[in-house]
Amino acid sequence: MALGLSLVTERTEAGAPVVDAESDESIAHIQPDVSIVLGEGPAEGPGTLYVTTRRLVWFSNDDVHKGYAVTFIALTMHAISRDVEAYPEPCIYTQIETGKEDDEFEEDDDAEEPLPAEINGSVSDLSLVEEMRLVPKDPSVLDHLFQVLCDCALLNPDAEVDQEGEADWIFDEDEVLGNGIGAKHENNNVDLNVDLAELLHHDPRFEDAEEEDSDSK
Amino acid sequence: MLFFSYFKELVGKEVIVELKNDLAIKGILHSVDQYLNIKLENTQVVDDTKYPHMLSVKNCFIRGSVVRYVQLPPDGVDVDILHDATRREARGG
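Going down the list, the protein sequences come from chains A and B. So for the first sequence, UniProt numbering puts the first residue at 1; every next one is plus one. So for the second sequence, UniProt numbering puts the first residue at 1; every next one is plus one.
Heads up, a few of these hints could be off.
As the list claims (entries may be wrong) - Taking lysine-lysine pairs in the DSS-like style, the calculated list, with each CA pair at most 30 Å apart, reads:
1) B:Lys39 / A:Lys100
2) B:Lys58 / B:Lys8
3) B:Lys39 / B:Lys20
4) B:Lys26 / A:Lys100
5) A:Lys66 / A:Lys137
6) B:Lys8 / B:Lys26
7) B:Lys13 / B:Lys39
8) A:Lys137 / B:Lys8
9) B:Lys58 / A:Lys100
10) A:Lys100 / B:Lys20
11) B:Lys58 / B:Lys26
12) B:Lys58 / B:Lys20
13) B:Lys39 / B:Lys58
14) B:Lys8 / B:Lys39
15) A:Lys137 / B:Lys26
16) B:Lys39 / B:Lys26
17) A:Lys137 / B:Lys58
18) A:Lys66 / A:Lys100
19) B:Lys13 / B:Lys26
20) B:Lys8 / B:Lys20
21) B:Lys13 / B:Lys58
What the hints assert, rightly or not - Every beta carbon over 12 Å from chain B, so not counted as near; a handful from chain A, in silico:
22) Pro46
23) Thr53
24) Ile73
25) Asp143
26) Pro204
Said to hold, decoys possible - To list a few chain B residues with every Cβ distance to chain A over 10 Å, as calculated:
27) Phe7
28) Glu14
29) Asp33
30) Asp47
31) Lys58
32) Ser65
33) Pro74
34) Gly76
Treat the hints as calculated values from the structure; they're not laboratory data. For each residue, glycine too, the CB sits at the ideal point set by N, CA and C.
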C-alpha cells in the first residue's frame, strides 16, 4: 500500500494500529478526539488519530473495525486550515496522492469529476480520496499536530531513484531555442567590437550614392 | 545540493509552488530541507477552482516529490549567478 487511503480493520488489544517493526514503524503521536473527513464526505467520528513513523492512521472509537490509513509517502501536502469559509472548523487539511490522477477521466461515463462515494467507505472508493481533513475536538492541538506530521513526513523520503533531470540541464537560451548546447558564442564582445568598427568606418551602405546622370525633371 | 542551498536563500520571500496535480500555492517560504520539502506560511491558493477547500490555509507542508515548479520572486533571483552555479553543478564542478 504505497499510495492512496486504505481501510484498516485490524488493531492491537490496546486499540492501536499494528505497526510494521521491520520497516521501522513505531507510534510517534496519539491524538484522541479527532474526527475525519474524506473528500466531500461527512465528518466521521469520534475517533483517535495515531501518527506512526510511516503512516497516518485514524481509528473510529465506535466501530472497532473501521480505520483509515495513508502512508506519508502518499501525503503530498498538509496544512492547518482555519478558514471557516473553507471548512467550518479548524482542522488539518491534507492532500493524498492516489496514483489514479490520470485514470479518473477514462471510461467513466457517469461522472464528469471524480466523486468517490465515502458513504460506505468501501476499499475501492477510499483509494480515490484525494483530500482529507483531521478535525480535533480541541483546536489548540493543531499546531503541535501539524509539526508532528512535518516531522514524520521527513522520516519518509522517496526511495533514491536516478534523478530524471540530470540529462535535462539547460545551459542557455540558445539551447532552449533549439540551437544545441553551446551554440551561443562564448564571447560575443570581442567579435562585435571588431565588426562594429568595420561597420562604423567601412559600412558600404553608408557610402555616398553614386549619382547617375538622370533627368531631374 | 544546489537547489537546497538556493532555496535556503529564499526563505522569507514570497514564492508560488506549483504541484504536479496543477495546484498552485502562493506563500512565504518558511523552510526547505534536503529533499526539497517546502513549508510555506500565509498561503493562498492561486486558482481556487480546482481545490476550493484549500482557501487560505495558514501553514502548509508540501512534499518535495510533488513539486513541479517553484516560481521565484523577481528580486530574489540573480540570474547570472544562478546560471553559472547550475552549469557548474551539471558539469560536476
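- Run the structure past the numbered hints and jot down the numbers of the failing ones, going up. Violated hints (numbers, rising): 8, 24, 25, 29, 31 and 32; every other hint is consistent with the structure.
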